[in-house]
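Q: Spelled out, the chains give:
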Amino acid sequence: MAVSAPMVIDLENLGLEAGGYLLVQRALHDLPVGGRLIVRGSDPALRIHLAAWSRSTGHVADVVGGEPAVIKGSAVTARWNRAERAGGAGSGGVLPHADVRWGLAMRGALVEEGGPPLHVDLVDRDLVWADAARQLYINGSARQWDPAKEVHWDDPFSLPAEIEAAVVQVMTYLVENEYAALLIPAKFIARLHPHYREVMQVLSIQVADEARHVEVFSRRATLRSDEVGVSGAGGRASLQTLLDEPDFSLASFLLSVLGEGSFLDLLSFIARHAPDPVTREVASLALRDERRHVAFGMAHLRYAVDADRSLLGRMRMAAERRHDALASTAGLNQDVYDSLVTLASHAWNPASIATGWQAVQDLQRDMDQGRQRRLILLGFPGDEAAELSALHTRNFM
Amino acid sequence: MTLLMGAVAYDPKVVSIWDGFRQHLVDRGLPFDFVLYSHYERQAEDLVNGRIDAAWNSPLAWVRAVRLASARGVELEALVMRDTDRDLRSLIVTRADSGIESLADLADRTIATGAIDSPQANLLPLSLLRSHGLVPGKNLTVRRFDVGVGLHGDHIGGERDAARALMAGAVDAACMIDANHLLFAREGTLATGATRIIGETAPYDHCNMTIGPSADPGEVARFRDVLLAMSYDNASLRPLLDLEGLKLWCPGRTSGYSALEAAVDETGFYGSDGGVRADGYRP
Numbered sequence: 001m002a003v004s005a006p007m008v009i010d011l012e013n014l015g016l017e018a019g020g021y022l023l024v025q026r027a028l029h030d031l032p033v034g035g036r037l038i039v040r041g042s043d044p045a046l047r048i049h050l051a052a053w054s055r056s057t058g059h060v061a062d063v064v065g066g067e068p069a070v071i072k073g074s075a076v077t078a079r080w081n082r083a084e085r086a087g088g089a090g091s092g093g094v095l096p097h098a099d100v101r102w103g104l105a106m107r108g109a110l111v112e113e114g115g116p117p118l119h120v121d122l123v124d125r126d127l128v129w130a131d132a133a134r135q136l137y138i139n140g141s142a143r144q145w146d147p148a149k150e151v152h153w154d155d156p157f158s159l160p161a162e163i164e165a166a167v168v169q170v171m172t173y174l175v176e177n178e179y180a181a182l183l184i185p186a187k188f189i190a191r192l193h194p195h196y197r198e199v200m201q202v203l204s205i206q207v208a209d210e211a212r213h214v215e216v217f218s219r220r221a222t223l224r225s226d227e228v229g230v231s232g233a234g235g236r237a238s239l240q241t242l243l244d245e246p247d248f249s250l251a252s253f254l255l256s257v258l259g260e261g262s263f264l265d266l267l268s269f270i271a272r273h274a275p276d277p278v279t280r281e282v283a284s285l286a287l288r289d290e291r292r293h294v295a296f297g298m299a300h301l302r303y304a305v306d307a308d309r310s311l312l313g314r315m316r317m318a319a320e321r322r323h324d325a326l327a328s329t330a331g332l333n334q335d336v337y338d339s340l341v342t343l344a345s346h347a348w349n350p351a352s353i354a355t356g357w358q359a360v361q362d363l364q365r366d367m368d369q370g371r372q373r374r375l376i377l378l379g380f381p382g383d384e385a386a387e388l389s390a391l392h393t394r395n396f397m
Numbered sequence: 001m002t003l004l005m006g007a008v009a010y011d012p013k014v015v016s017i018w019d020g021f022r023q024h025l026v027d028r029g030l031p032f033d034f035v036l037y038s039h040y041e042r043q044a045e046d047l048v049n050g051r052i053d054a055a056w057n058s059p060l061a062w063v064r065a066v067r068l069a070s071a072r073g074v075e076l077e078a079l080v081m082r083d084t085d086r087d088l089r090s091l092i093v094t095r096a097d098s099g100i101e102s103l104a105d106l107a108d109r110t111i112a113t114g115a116i117d118s119p120q121a122n123l124l125p126l127s128l129l130r131s132h133g134l135v136p137g138k139n140l141t142v143r144r145f146d147v148g149v150g151l152h153g154d155h156i157g158g159e160r161d162a163a164r165a166l167m168a169g170a171v172d173a174a175c176m177i178d179a180n181h182l183l184f185a186r187e188g189t190l191a192t193g194a195t196r197i198i199g200e201t202a203p204y205d206h207c208n209m210t211i212g213p214s215a216d217p218g219e220v221a222r223f224r225d226v227l228l229a230m231s232y233d234n235a236s237l238r239p240l241l242d243l244e245g246l247k248l249w250c251p252g253r254t255s256g257y258s259a260l261e262a263a264v265d266e267t268g269f270y271g272s273d274g275g276v277r278a279d280g281y282r283p
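From first to last, the protein sequence lines stand for chains C and G.
Reading the first sequence from the start, the letters are residues 1 to 397 in this note's numbering.
Reading the second sequence from the start, the letters are residues 1 to 283 in this note's numbering.
Excised from the complex, chain G in its bound form (with noise of 0.2 Å):
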């Protein structure tokens, strides 16, 4: 048996990655692919229906995936995570001179997020505002930025162009991921002081490697231990690890996604069953 694990290609580097990680894999006695999808849904699927046994999952991805499989009367696995997938918050941001000093300033104004799917500069920060009286179609306006549709957010350039739009005034608040307020300022996108956090979410995980129904348990607990024992200082592991943006890996834990859950069902982007029921999703 060969564990096959799916991947999505949002990024060429998907391939350097999973091509460096597959030989360390396999030079430790794990048979181990994968395969390359387009974007999350596909992969949801087949890993509920048995076709791959493992799936590195964006977090909308594992809740859909969750929903389908719990349709079936199937379980799934959340093997191990990024230290880096752990506690993550997303920000509703303003200019510094807009006047606005608060997530309540924002009613009747209009907002810029990320890509319909992306966790993180749409649906949580979303959630966030409708917790506050803030919805859109309402009394907020919203205008999404869909780069990379069908990739769950993976793809910066929602959230970038969203970040511009708030910069060159076309908007009134903006939606991010706090790495990527960050990463803005730093890279000029954002000027230094320019910009105001009025909100921001409670802390959420990101990404985990979902194992499916057709895994065999040996193999997993293989990929487990040689996932978990990947050490920084590994000189032929490092760059792999540098590329997908992790120091080590952790054992997965469910317990933070609630919020994407309770933001999926405010939306109805997924069915009880793991259906796609969002409009004008097509991935």
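So here's chain C without its partners, still in its complex pose (with noise of 0.2 Å):
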């Protein structure tokens, strides 16, 4: 074929208004710069339009005379000559640095140069990513729950008034601890560059969640009550720790392994020891989704200490750290600590309370016993496990 023949295509009655120009754009996209295309059609203004459009896109318009052309001119290609692919559409193209040029651009996507620069902080693969991130979205996707079909509100039940007050201000103090929980990942999620989308989906899941554990403890504090409990000093202090950790995978530790790691046998023994059906409800669903929470902050901190061993060092500073400024606060609310004794006996006797105290007894050890098998699954040695996990707050979160 001689190169120099000049390509022909037939709009017939295609006005180039109408959609002609998108032929006319195809057609033009295999020639070289300098190609020179013949348009045929019966519109009558296709001569006048074809003028009027090259000129506009960049290319010269040849109308005089015989049949209209258009010559390619180089604008359209030199729009993409400094373009760049914002890595691989799949997981498996995950770059280990995400550039902020790219801006919202989906991985994959052919980036034109130029444009604002995303203000993401949270840009290298390491720091920030876990390979179970997209079975965990899928997951946590597809078991999210209705409160209002999940939670029988209405199933009857009568407590005593100081029963009823003890699962009211446990209601009160798990509300802001689910504050925190969804305020930390909402920041984060500000502060991640997209092109780890599979975390940003997980942490989105997450703050979800925590929106509807928000909902229905709120409910249940004011089922039957119009006054929630009290709110102490010395745990907010110990959430605000939480918040102000500025290192994602240090806030992942403090937050999902720690403090929803000891929120796993906290919901488990409110659960179990409900003195109500709807206080059951509410904490095994909750309780349902901060597994997958954990999961993800260990699938993420085993991915991260893989890639940088020091890691665990700043763990353990992390953790002393935090222990450091809460050493002169109270630590868990003392109405919160008689509150789960009182929620666990279900009577006011002796009997009943001796029960109820070494419940939560036992809850503690629980709580002390999962976390060092969590920091132990991390990597940390089993003496520094049970060391690290002595030092976490009294508040539990």
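None of these hints come from the bench; they were simulated from the model.
Don't be surprised by glycine CBs; every beta carbon is placed ideally from N, CA and C.
Hints may be right or wrong, so weigh each one.
No more than 20 Å apart at the CA atoms, straight line, and that leaves these computed lysine to any residue pairs for SDA-like [stated by the list, open to error]:
1. K187/C with L127/C
2. K149/C with P277/C
3. K13/G with G115/C
4. K13/G with S56/C
5. K13/G with P116/C
6. K149/C with D244/C
7. K187/C with D244/C
8. K13/G with G114/C
A few chain C positions that, by computed beta-carbon distances, are all more than 12 Å from chain G [said to hold, decoys possible]:
9. D30
10. T57
11. A109
12. E113
13. L183
14. G232
15. V278
16. S284
Take the two lone chains, each set in its own frame, and fit them into one complex as the hints suggest.
A: Put into structure tokens, the structure is as follows:
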């Protein structure tokens, strides 16, 4: 085939203004810059529209004399001369470093140079990634539950006033903890490069989970009472240290592994000892979500520790720093502790209180053992795991 | 010395465009600044009077500035123009079902035009009609849509209103530039296949960067070189070029303004000395 032979396209009766330009554009795509495309068609305005369209798109029209033609200009290709691919579309295309100049482009997209850079700082894979993120997102997305359907709010029950008050106090405490668990992933989503979208999706599901937890715990707190419980300064100080941790991995460690890890035992305790069906249901449903949150924290930290063993030392320092910061505070509000005992006692007599007391002792032991187990899984030696677990906040979260 | 250029603020984007270009020019060693005018007439006068060194001129402002300069015995130069300023055409458009097949059929009919000072949607197409024996006020009624008077047709509103009047059946024909016929058809102002083009002007040129008598020749040379070197594959320039509607700057040429010169003379829009003579023209 002679390379100089012009290409021909026939638009038939299709006008350039009615989509005909798409066919012209497609035909030009295969031509080199300077190549000639003869455009045939029966639209009376074709010649005039071809001239105007070519001018505005950086091509040159030849509409004088014979058949109208477009000579391909360089502008269309110039736009993409310095474009680059933002990694690959699948999880295999996740790059070690995400460029802020890619902005919000989808992973794998061909990104035109220019445009505003994204104002995010979590741009390195090792600092945020977990191989399990995609699967955890899929599971989390599939297991979202509807508080209106899953909780039997209208089930009849009646508790002695002190037991109801204990439940209300525990719910009040849970809600403020859930706020922290909601705000922390939300904060990191805003700092995360969307190149690591699976992590962004997992964190987003976590935020949605916590929003639901806030709803069901608030609703249980006010189910039988207009007044909710107390909020201790020490507990809030403990949560504030979580909010203040700027490092993603260290925040995951403190919140998901130590805090939410301890909450697995706490929610399990509440579900097991709940004096009424609604309290049992809301604790069980929240427990299901929190397991996933802990799993993501563990998966991320194992990935991050594999990439950089020195992270273990920094995790230890973060736990110690938090312990020191809270040394002068009360930790768990005494009212909350007492309410847990009362909740598990079910009745207001010595034998029942003794049972409740023992249950809370067992809970604290279970929490400690759970933390140690997870710390060992992350790579801490046994003695260090025991030491670090003992430093964990008395506020549980 | 700073090369001072005038531009007309027909749209807020003019600030973005020239702020960006200014930075680019300054970064390349040309002391450059710009001032904005609310219409072209004062800009043309200031250019010839040496208050500004360069003017981003409409074709009509170029015609006037040349006349003003000639009256003062000074010369102007059309330094550069956009690739999109070359070989434009204006059209006479009717409704496809109007029964109007040719320009001659417009005798004793009504035609809609853009603003009084629009070269593309008033002066040039009416000149074409005159050459076919259709004289406004005699055997042709003109319904003018004066939007953005003083902006020399840079504001698209007058042309769009003329196109709407055509589709509404209020007029028998409308004047518009070729690119706007395509645009109005694509955006639906003109329904696909609902119009017929019964006349078109010869190709003419549009804006140019006019250099006045006060400009320093060395700075002008630098200005031309930097503009001509602007490349569409430069990511920081590309958005500015897109806003200004060009892919590249071309050397200026003055061969594409004779039809507008004739139209200005036919209507007495400007005198030979560049004075504004058009009836009812209040920029």
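Q: Against this structure, judge whether each hint is valid.
A: Quick rundown of the hints versus the structure:
no.: 1; hint: K187/C with L127/C; verdict: 15 Å, holds
no.: 2; hint: K149/C with P277/C; verdict: 14 Å, holds
no.: 3; hint: K13/G with G115/C; verdict: 17 Å, holds
no.: 4; hint: K13/G with S56/C; verdict: 18 Å, holds
no.: 5; hint: K13/G with P116/C; verdict: 18 Å, holds
no.: 6; hint: K149/C with D244/C; verdict: 36 Å, violated
no.: 7; hint: K187/C with D244/C; verdict: 11 Å, holds
no.: 8; hint: K13/G with G114/C; verdict: 19 Å, holds
no.: 9; hint: D30; verdict: 21 Å, holds
no.: 10; hint: T57; verdict: 8 Å, violated
no.: 11; hint: A109; verdict: 16 Å, holds
no.: 12; hint: E113; verdict: 4 Å, violated
no.: 13; hint: L183; verdict: 37 Å, holds
no.: 14; hint: G232; verdict: 55 Å, holds
no.: 15; hint: V278; verdict: 58 Å, holds
no.: 16; hint: S284; verdict: 55 Å, holds
Comparing the model with each earlier hint shows violations of hints 6, 10, 12; every other hint is respected.
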